[in-house]
Amino acid sequence: MFQELTVSKPATESHEDKVGRMSQHLRRLESESITIFREVAAEFRKPVMLYSIGKDSSVLLHLAMKAFYPGRLPFPLLHVDTTWKFREMISFRNQRMRDLGINLIVHVNEEGVARGINPFASGSALHTDVMKTQALRQALDSYGFDAAIGGARRDEEKSRAKERIFSHRSAMHRWDSKNQRPELWHVFNTSLAPGESMRVFPLSNWTEMDVWDYIAAENIPIVPLYFAAQRPVVTRDGALIMVDDERMPLKSDEQPEIASVRFRTLGCYPLTGAIRSTASTLPAIIHEMRSSRTSERQGRLIDNDAAGSMEKKKEQGYF
Amino acid sequence: MENILDREKSKLAGDAPALRFITCGSVDDGKSTLVGRLLYDSELLLDDQLEALKAESKIHGTTGGNIDFALLLDGLQAEREQGITIDIAYRFFATKRRRFIVADTPGHEQYTRNMATGASNAELAIVLVDARKGVITQTLRHSYILGLFGVRHIVLAINKMDLVGWDSDRFQSIVDEYCTIGARLGIPDITCIPICARDGDNIFSRSERMPWYVGPTIVEHLEKVEVLTELGNLPFRLPVQWVNRPNADFRGFSGRVANGVIHQGHAIASFPSGRVSKVTRILTADGDDEIATEGQAVTLVLADEIDASRGDILAPADAAPIIADEISGHIVWFDDAAMIPGRRYTLKSAGRKIGAVISKLKHRVNVNTLDQQAATALSMNEIGCVTINLEGPLVCDPYRENRETGGFILIDTINNHTVAAGVIDSARRHAADVKWQNLNVDVSLRARIKYQRPCVLWFTGLVGSGRSTVANLVEQRLCDLGRHTYLLDGHNLRHDLNRDLDFSTEARVESVRRAAIVAKLLYDAGLITLVAMLSPLRVDRQMARDLIGDGNFIEVHMATPLDECERRDPGGLYQRARTGDLPNFTGVDAPYEPPESPEISIDTTGQPPEIVADRVVAYLKENGYL
Ligand SMILES: Nc1nc2c(ncn2[C@@H]2O[C@H](COP(=O)(O)OP(=O)(O)O)[C@@H](O)[C@H]2O)c(=O)[nH]1
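Line order of the protein sequences matches chains A and B.
Numbering-wise, the first sequence is residues 1 to 319 according to the numbering used here.
Numbering-wise, the second sequence is residues 320 to 945 according to the numbering used here.
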């Protein structure tokens with residue numbers, strides 16, 4: 001399946017065919033995102049792009065390469081690794097970076113590892129805070145990045161819907177949600193005081209559906225976990241959790257079941273719920289998406305902690 | 320099952336780009352309710368979102384346990400708790416015919432800057448009014464901003480028709496009033512629709528309760544409206560965003576086409592230089608194009624080695640943009656601190672950043688009457704017509720011809736706030752005929768024949784802090800050392816250069832600006848220049864520092880405490896101020912902002928001025944100025 005997707009376009013296909021395949025709608029979104037990438041590269045001293053391996057990151061990377069073509073990316077990629085990502089994500093990541101010859105920084109919060117923080121024993125909130133939020137702050141501070149590009153979309157969640165494309169962070173990485181900078185036309189105020197930074201979201205105006213349509217139109221490689229396959233899962237708190245490695249403690253009455261499942265979003269495997277599905281091709285996924293009655297965040301256990309929790313996390317520096 | 324199929328169809332919204340619109344109007348007119356309705360009725364609310372909404376409506380809702388749609392949009396904790404909208408929320412929905420991105424904007428005057436943010440990228444605006452209240456100040460303010468930012472399509476949604484008994488006369492009288500205003504604001508397309516947002520009347524489906532209304536529903540109109548652009552026929556513009564130079568053999572100019580069309584092989588020029596060349600390639604990652612049109616992000620390769628850089632604009636030589644050092648336009652003021660002419664800001668437009676001084680406030684706009692009013696300052700959310708002088712050339716167009724090259728923001732040079740957004744009405748090159756004469760003699764040559772390093776010593780401090788006395792002594796000592804100097808004393812300037820100025824805040828800004836410019840000239844002449852001026856505000860001193868250049872500007876803070884100054888009370892001024900005889904007296908009823916990191920700071924309490932002057936001279940020696 002995955003093989004099929006990475007097959008590059010046949011050489012005979014002309015540029016016109018290609019443009020024809022992409023809707024006006026996607027082309028406008030693409031142009032806007034490219035403009036944002038270029039603005040970041042031109043305006044900041046030391047930008048970085050966050051790469052979290054998921055579908056949004058795949059689209060982000062694809063757009064970034066288009067923005068600077070035929071040149072190389074004028075910034076490095078950063079992956080904040082919680083050490084609990086699906087194994088297939090890590091192998092996909094390594095393969096992609098090799099294929100594209102890209103400079104990837106992988107950062108792990110070693111303090112958190114030493115403290116034995118993990119999603120099972122520490123709970124999702126603490127794990128996410130230490131291994132994701134704190135880890136990201138560590139990485140940004142230690143490299144001195146003044147702008148971090150991320151793949152968040154406004155349709156994901158209520159507080160995201162409120163955020164600017166260029167989103168200012170204090171020296172303590174805080175988001176002042178009640179006092180955001182006005183953002184007029186495409187004139188972005190990128191001025192920063194020492195220690196402050198900017199989070200930049202080129203996919204702000206994309207929807208989940210747009211992302212899938214674009215992946216299909218552009219043949220963008222994605223992690224195979226997005227496609228349905230037989231996988232070992234257990235049901236916990238109503239979510240289907242995949243038993244991805246031997247670190248997952250099984251309760252005495254738990255017996256992994258082999259089911260045809262896929263993932264709508266990807267994160268730490270113990271915190272990411274699968275959905276039962278037989279959609280094993282891109283058209284099948286898009287078809288299934290169009291009739292879905294739930295949002296993609298439902299599968300992310302971290303968001304269900306408390307109402308308004310995403311905003312709180314963001315104020316503290318979560319991406 | 321039927322439901323699912325409908326939904327599926329409704330997501331096939333065709334090929335066209337999403338229509339971008341905003342909802343605006345005053346608080347409680349029903350903006351959020353309308354957007355909630357649009358999402359709910361287009362069945363884009365998903366099950367888990369609906370569940371969460373129902374649960375939250377019970378806790379924070381204002382609709383007695385029924386679904387409160389406002390909660391769907393108020394995504395910030397503070398908004399839900401206070402029941403107000405602070406910032407815009409972007410939402411996405413689609414019908415069978417079209418995709419939409421809607422931004423729900425806040426109604427409170429306090430958050431006008433966020434409404435302006437939404438308006439700047441909107442193609443259409445739904446202006447809501449409460450049928451009981453009709454057109455009110457916020458309706459006018461928002462409509463004015465829509466007109467200013469060139470939103471050409473307005474839907475006037477007259478809401479809460481249930482509360483006026485579905486009365487067609489009431490509807491018509493609001494329509495008449497609003498259309499008169501719309502015409503004055505120059506909005507070409509206004510469609511008026513009576514609705515009941517709460518129940519969905521005339522939103523998706525036609526209201527049976529208002530049979531007298533025969534026009535389109537909100538959704539019918541949104542699906543159909545064709546966005547007017549006059550831009551198609553306007554000349555090509557590509558603001559250079561990024562110069563792509565992967566290796567010595569390739570140089571491409573990347574940017575988004577702001578206007579018009581460019582063909583491969585066509586002639587093109589780069590501004591402000593005006594150098595002419597030809598487009599050899601229009602490059603995208605998907606291959607070369609023969610043509611690029613508005614909105615496309617492309618990379619142009621030119622035939623000649625033209626040295627264009629970020630902020631320059633590529634355009635046809637025979638339809639050139641304006642290269643301006645002075646612009647006239649309207650601004651919406653966003654900042655808590657009032658706008659006072661004379662201050663220096665950074666202007667950003669189409670990738671270019673330039674130092675800018677608002678030299679004149681021509682008038683303020685009264686949004687209630689849409690009339691022009693004389694004013695000396697603009698406070699937050701006020702709109703004014705200004706003249707701005709630029710420190711370098713800005714390549715631009717009038718906003719009505721081009722949103723991208725005609726819109727700008729002003730950024731505070733100290734705290735980086737976006738203090739204003741503006742649109743260019745007209746632009747000119749003030750110095751076009753009076754060409755800047757390149758002089759063969761410059762500051763370093765002038766300084767060399769004087770055997771000295773020029774600089775500006777800026778003495779600031781309260782009345783009675785010792786500014787003038789110490790500056791005077793310092794000048795004496797420098798002359799004794801054989802240096803060429805000049806002292807500008809604020810008191811003396813009041814007799815000539817600043818004789819037309821009083822002690823109001825505006826006048827103080829202007830007096831500091833003039834002193835800074837004269838100091839700069841004297842510095843250029845190679846002199847060690849001393850300025851002794853109260854100059855109470857940080858921004859104004861920063862302006863002087865920026866003008867003269869950081870390394871040549873030495874801020875000397877006479878940090879004598881107020882008590883001590885008042886004890887000395889030269890001329891009995893403090894006493895008169897305390898009895899109310901001298902209003903706006905710095906330190907008494909007008910603020911003094913001490914420097915945050917002055918080069919020299921001296922408290923003169925108990926110190927003879929001679930010793931203080933020696934310390935200033937010592938600083939100059941230690942730091943290589945003498
Ligand atoms: N009677 C009536 N009430 C409405 C209607 N539309 C909105 N409301 C109510 O008006 C109040 C303010 O609405 P909201 O959407 O929050 O206004 P916003 O501040 O403009 O976003 C809420 O209590 C709504 O339930 C309507 O058509 N009829």
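Since the hints were derived computationally from the structure, they do not count as laboratory data.
Every residue gets a Cβ at the ideal spot worked out from N, C-alpha and C, and that includes glycine.
Certain hints may be false.
[What the hints assert, rightly or not] If you want a taste of the chain A side facing chain B, the calculated C-beta under 8 Å gives, among others:
#	residue
1	S31
2	S191
3	R236
4	R276
5	T278
[Stated by the list, open to error] Derived CB-CB ranges, DEER-like:
#	chain 1	residue 1	chain 2	residue 2	range
6	A	D99	B	A335	51 to 57 Å
7	B	D518	A	P249	50 to 56 Å
8	B	A657	A	R72	46 to 52 Å
Against the structure, the hints:
The beta carbon of S31(A) comes within 4 Å of a beta carbon in chain B, closer than 8 Å, and the hint placing it at the interface holds. The restraint placing S191(A) at the interface with chain B holds, with a minimum CB-CB distance near 4 Å, inside the 8 Å limit. The interface hint given for R236(A) is broken, as the beta carbon of that residue sits about 18 Å from the closest beta carbon of chain B, more than 8 Å. Nearest Cβ of chain B to the Cβ of R276(A): about 16 Å, over the 8 Å cut. The hint is violated.
Taken as an interface hint, T278(A) does not check out: its beta carbon lies about 17 Å from the nearest beta carbon of chain B, beyond 8 Å. Between D99(A) and A335(B) the beta carbon distance is about 35 Å. The supplied range of 51 to 57 Å is therefore violated. Checked against the given bound of 50 to 56 Å, the beta carbons of D518(B) and P249(A), roughly 53 Å apart, stay inside it. Between A657(B) and R72(A) the Cβ separation comes to about 47 Å, which falls inside the hinted range of 46 to 52 Å.
Checked against the numbered hints above, the structure breaks hints 3, 4, 5, 6 and satisfies the rest.
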